[in-house]
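Q: These protein sequence lines map, in sequence, to chains A and B.
Per my numbering, the very first residue in the first sequence carries number 1; after that it's consecutive.
Per my numbering, the very first residue in the second sequence carries number 1; after that it's consecutive.
In short, the hints are calculated from the structure, not lab data.
Don't take each hint at face value.
[As the list claims (entries may be wrong)] A few chain B residues facing chain A, derived, Cβ under 7 Å:
| no. | residue |
| --- | --- |
| 1 | 91 |
| 2 | 107 |
| 3 | 108 |
| 4 | 110 |
Note that beta-carbon positions come from the ideal geometry of N, C-alpha and C, so glycine has one too.
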Amino acid sequence: GQQLNQSPQSMFIQEGEDVSMNCTSSSIFNTWLWYKQEPGEGPVLLIALYKAGELTSNGRLTAQFGITRKDSFLNISASIPSDVGIYFCAGRTPGGWGKLQFGAGTQVVVTP
Amino acid sequence: DAGVIQSPRHEVTEMGQEVTLRCKPISGHNSLFWYRQTMMRGLELLIYFNNNVPIDDSGMPEDRFSAKMPNASFSTLKIQPSEPRDSAVYFCASSPRGGGTGNTIYFGEGSWLTVV
Chain A
1 GQQLNQSPQS MFIQEGEDVS MNCTSSSIFN TWLWYKQEPG EGPVLLIALY KAGELTSNGR
61 LTAQFGITRK DSFLNISASI PSDVGIYFCA GRTPGGWGKL QFGAGTQVVV TP
Chain B
1 DAGVIQSPRH EVTEMGQEVT LRCKPISGHN SLFWYRQTMM RGLELLIYFN NNVPIDDSGM
61 PEDRFSAKMP NASFSTLKIQ PSEPRDSAVY FCASSPRGGG TGNTIYFGEG SWLTVV
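With the hints as constraints, model all of the structure from the sequences given.
A: Below is the structure:
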C-alpha cells in the first residue's frame, strides 16, 4: 500500500482554473516523480525531480522537490478538459534501488 | 520509440485457472517492475528485477504468484491458481538503471485481469 500522503483526494474545477496538489512523506526521498493516469491506460510520466529545491516545468505543469526532501507539489495552470485524470506522486528513498512508493492519487475533473 | 509492451490487455478467466501475463520492457532498460493496481490498495509493487535477477519480491502476495525474467527483453507474471481477489490491473514497468539518482520508471498500458 501507499506510504505517501497525497492530497487532495479529488478536485472538481472549472476550465481555466489552476490546480495544485501535493505529497508528503515521513521519509527523505532523492527522487520525486509525477504521473498522470487516464482511464484504461497506464501511468504516464509527467515530471521527474532529482534535487531538493528543484523546480521543473512541462508546459502548463510545474512541480517542485521540497527543500526538506519530504514533500513535493504539482501545479497545473489554466486547466483544460484533457487534464482530466488521476495524478500520482511517487518517491524513492536513497539506496532504494528503483523501488518507488506511490501516493493514492488525486482525481482531477475539469468542467467546461 | 516502443514503450513497455504488455499482453494480454484484457483477460477474463475462471477461478482456479492459471493466468500468465507477459511484458517486454523498453530496449536497453535493465530494471523491470511488476505492479498491481486496485481501487482499495492503489499501486503496489509486486516484484522487481535488475539485470534479469529478482531483487525484491516482498510484494508478491502469496505463493500462487510467481515471476520470471529469462532474458533482458521478456518477463512473465504467473498466477496459479487464480482467485477472484486477484482481479486487478497488472502493470509492468521498466527503468534505464536499477539505482541512483535519475532513475525514472516507465509503465506499460496494463493487463486488466478479471477472475470470475
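Q: The structure should be examined with respect to each hint, and the outcome stated for every one.
A: Outcome of the hint check:
1. 91: holds (5 Å)
2. 107: Interface hint status for residue 107(B): holds (4 Å vs cutoff 7 Å).
3. 108: holds (5 Å)
4. 110: Holds. Min distance 5 Å.
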